[in-house]
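Each chain, letter by letter, is given below.
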Amino acid sequence: MSATLRRRDVVRELLRERKDLLVVAGLGSTAWDITAAGDADMSFPMWGAMGQAAMMGLGLALAQPKRRVLVITGDGEMLMGLGALATIGVQQPGNLTVVVIDNERYGETGMQRTHTAYGVDLAAVALGCKFKQAMTVTSDIAKVRDLAYRTPGPNFAAVKVLDEKLPLVLPPQDGVILKDRFRKAVLADVLAEKR
Amino acid sequence: MQPDWPAEIHKELVAAGVRVVGYVPDAGHKRLIELCEQDRNMRTVPLTTEEEGIGLVAGAWLGGEKSVLLMQSSGVGNIINVLGMVQVCRFPLAILVTMRGEQGEFNSWQVPMGQNTARVLETMGVAVRQAGEAQTVAGHVKAALLKAFEAQGAEAVLINQRVIGIKSFQEQRNQ
Numbered sequence: 001m002s003a004t005l006r007r008r009d010v011v012r013e014l015l016r017e018r019k020d021l022l023v024v025a026g027l028g029s030t031a032w033d034i035t036a037a038g039d040a041d042m043s044f045p046m047w048g049a050m051g052q053a054a055m056m057g058l059g060l061a062l063a064q065p066k067r068r069v070l071v072i073t074g075d076g077e078m079l080m081g082l083g084a085l086a087t088i089g090v091q092q093p094g095n096l097t098v099v100v101i102d103n104e105r106y107g108e109t110g111m112q113r114t115h116t117a118y119g120v121d122l123a124a125v126a127l128g129c130k131f132k133q134a135m136t137v138t139s140d141i142a143k144v145r146d147l148a149y150r151t152p153g154p155n156f157a158a159v160k161v162l163d164e165k166l167p168l169v170l171p172p173q174d175g176v177i178l179k180d181r182f183r184k185a186v187l188a189d190v191l192a193e194k195r
Numbered sequence: 001m002q003p004d005w006p007a008e009i010h011k012e013l014v015a016a017g018v019r020v021v022g023y024v025p026d027a028g029h030k031r032l033i034e035l036c037e038q039d040r041n042m043r044t045v046p047l048t049t050e051e052e053g054i055g056l057v058a059g060a061w062l063g064g065e066k067s068v069l070l071m072q073s074s075g076v077g078n079i080i081n082v083l084g085m086v087q088v089c090r091f092p093l094a095i096l097v098t099m100r101g102e103q104g105e106f107n108s109w110q111v112p113m114g115q116n117t118a119r120v121l122e123t124m125g126v127a128v129r130q131a132g133e134a135q136t137v138a139g140h141v142k143a144a145l146l147k148a149f150e151a152q153g154a155e156a157v158l159i160n161q162r163v164i165g166i167k168s169f170q171e172q173r174n175q
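Line by line, the protein sequences give chains E and C.
Sequential numbering from 1 applies to the first sequence in the working numbering.
Sequential numbering from 1 applies to the second sequence in the working numbering.
Just chain E, with the same shape it has in the complex (with noise of 0.2 Å):
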């Protein structure tokens, strides 16, 4: 499959008026989209654990039922971590939308081919998962903001992007500086809700 979408622009058009929208994105190249799209205290960008963004996405689901929750990673960093697809397959939240970025490269570390571009096929996957909606997109970025936004869950996108090597545009490094700006901006809005 030969990929025309670029990386950038998706996540930018992903997290345009995000609003309320709770966003991880796993380590790396994807840490990196979100932030070139605009830093926020609604994120959090991981800068570790890798194959644990959509357990991330899973436990914030769960535990704010009335968000949206979306997760961005890359392909790698989800194919370390594919039994997350059955975990959450089995809890069916239906605010969580995971969206992988996927180059078919190992961004980070000399772009490597990952497994999806030998055909393995994480939609599939995640079908398989009891996922109620997944896709691989080469197009159509609109469909993945329905997912994202409006879609009852869980909702898996692959989305199909070139393989290009962009500047870095970083997010803060200090795990508890994120942890803690994420947990004031989210817990503070639902204290007013309960006013």
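Quick caveat, the hints were computed from the structure, so don't treat them as lab data.
Careful, some of the hints might be misleading.
Straight-line distance between alpha carbons at most 25 Å, and here's what the computed DSS-like set of lysine-lysine pairs gives [stated by the list, open to error]:
#, chain 1, residue 1, chain 2, residue 2
1, C, Lys11, E, Lys184
2, E, Lys179, E, Lys165
3, C, Lys30, C, Lys142
4, E, Lys143, E, Lys19
5, E, Lys66, E, Lys132
6, E, Lys66, C, Lys30
7, C, Lys11, E, Lys179
8, E, Lys184, C, Lys66
9, E, Lys66, E, Lys19
10, C, Lys142, C, Lys66
11, C, Lys147, E, Lys179
12, E, Lys184, E, Lys19
13, C, Lys142, C, Lys11
14, E, Lys165, E, Lys66
15, C, Lys66, C, Lys11
Taking beta-carbon pairs under 8 Å as the criterion, some of the chain C residues facing chain E (in silico) [stated by the list, open to error]:
#, residue
16, Leu47
17, Thr48
18, Glu52
19, Ala60
20, Leu62
21, Gly63
22, Gly77
23, Ile80
24, Met85
25, Arg90
26, Phe91
The structure presented is a predicted model; accordingly, all values stated were derived computationally and were not measured.
For every residue, glycine included, the Cβ atom is placed at its ideal position computed from N, Cα and C.
Given the coordinates of chain E, assemble chain C onto it according to the supplied hints.
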């Protein structure tokens, strides 16, 4: 008489406000898992590997919920790298570990990880409490939960094989 330690743990979880329970099954946790499943205020999350539990706990905390993880000692080997995130972000973590590879172990393949469970946890910044007797389990769990949630601590309670009481392959099969 041996106290009903799984019921006592469940009581402590309720008292601490734990709402999410991630687990990879272990025979030693069988009754506690059932108690948590029956508790309408708790969401039990079966995991395919213990590593997923760390992501689950971290995500739940970001959203304002308290959680615990239940696993067997061999599972501790599956979470080593991701404990780095717990340390760097100071995520509250409470793990209840049922031990294998100690006295009475019938499966030699359980021994290497069982013998090194405490060391591995401590090396990765998790404080270890050893519950050697059934009478001491609840107290250790209470202390671990308090430290985790009030002081952003990473805590593990190791429940000794003596407490769990599985002695033979035959007995485990008959469970």
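Status of each hint after checking the structure:
Among the hinted pairs, Lys11(C) with Lys184(E) is inconsistent with the structure: their alpha-carbon atoms are about 29 Å apart, more than 25 Å. Between the alpha carbons of Lys179(E) and Lys165(E) the distance comes to roughly 28 Å, so the proposed pair goes past 25 Å and is violated. For the hint pairing Lys30(C) with Lys142(C), the CA-to-CA distance comes to about 20 Å; that is within 25 Å, so the pair holds. For the suggested pair Lys143(E) and Lys19(E), the alpha carbons sit about 18 Å apart, so the restraint of at most 25 Å is met.
Distance check on the hinted pair: Lys66(E) and Lys132(E) sit about 18 Å apart at the alpha-carbon level, within 25 Å; holds. Distance hint between Lys66(E) and Lys30(C) is unfulfilled; the C-alpha atoms sit about 32 Å from each other, more than 25 Å. About 29 Å separates the Cα atoms of Lys11(C) and Lys179(E), which puts this hinted pair outside 25 Å; it is violated. Between Lys184(E) and Lys66(C) the CA atoms are separated by roughly 16 Å; this keeps the pair inside 25 Å, and the hint holds.
This hinted pair checks out: Lys66(E) and Lys19(E) have alpha carbons roughly 13 Å apart, not beyond 25 Å. At most 25 Å may separate the alpha-carbon atoms for a hinted pair to count; Lys142(C) and Lys66(C) meet this at roughly 14 Å. This hinted pair checks out: Lys147(C) and Lys179(E) have alpha carbons roughly 18 Å apart, not beyond 25 Å. Among the hinted pairs, Lys184(E) with Lys19(E) is consistent with the structure: their alpha-carbon atoms are about 16 Å apart, no more than 25 Å.
Between the alpha carbons of Lys142(C) and Lys11(C) the distance comes to roughly 9 Å, so the proposed pair stays at or under 25 Å and holds. Among the hinted pairs, Lys165(E) with Lys66(E) is inconsistent with the structure: their alpha-carbon atoms are about 37 Å apart, more than 25 Å. Restraint check: the Cα-Cα separation between Lys66(C) and Lys11(C) comes to about 15 Å, which is no more than 25 Å; the hinted pair holds. The beta carbon of Leu47(C) comes within 6 Å of a beta carbon in chain E, closer than 8 Å, and the hint placing it at the interface holds.
The closest approach between the C-beta of Thr48(C) and any C-beta of chain E is roughly 3 Å, which is under the 8 Å cut-off, so the hint is satisfied. Restraint check, Glu52(C) versus chain E: the minimum CB separation of about 5 Å is within 8 Å; hint holds. Look at Ala60(C): its Cβ gets to within about 4 Å of chain E, closer than 8 Å, so that hint holds up. Given hint, Leu62(C) at the interface with chain E, holds; its Cβ is 5 Å from that chain's nearest Cβ, closer than 8 Å.
Proximity of Gly63(C) to chain E holds as hinted, the smallest CB-CB distance being about 3 Å (cut-off 8 Å). Given the 8 Å rule on beta carbons, the hint for Gly77(C) is violated: about 15 Å separates it from the nearest Cβ of chain E. Hint on Ile80(C) is violated. Least Cβ distance to chain E is approximately 11 Å, over the 8 Å limit. With 8 Å as the threshold, the beta carbon of Met85(C) comes within range of chain E, its nearest partner Cβ sitting at about 4 Å, so the hint holds.
The beta carbon of Arg90(C) comes within 5 Å of a beta carbon in chain E, closer than 8 Å, and the hint placing it at the interface holds. For Phe91(C), the interface hint holds, the least distance from its beta-carbon to any beta-carbon of chain E being 7 Å, beneath 8 Å.
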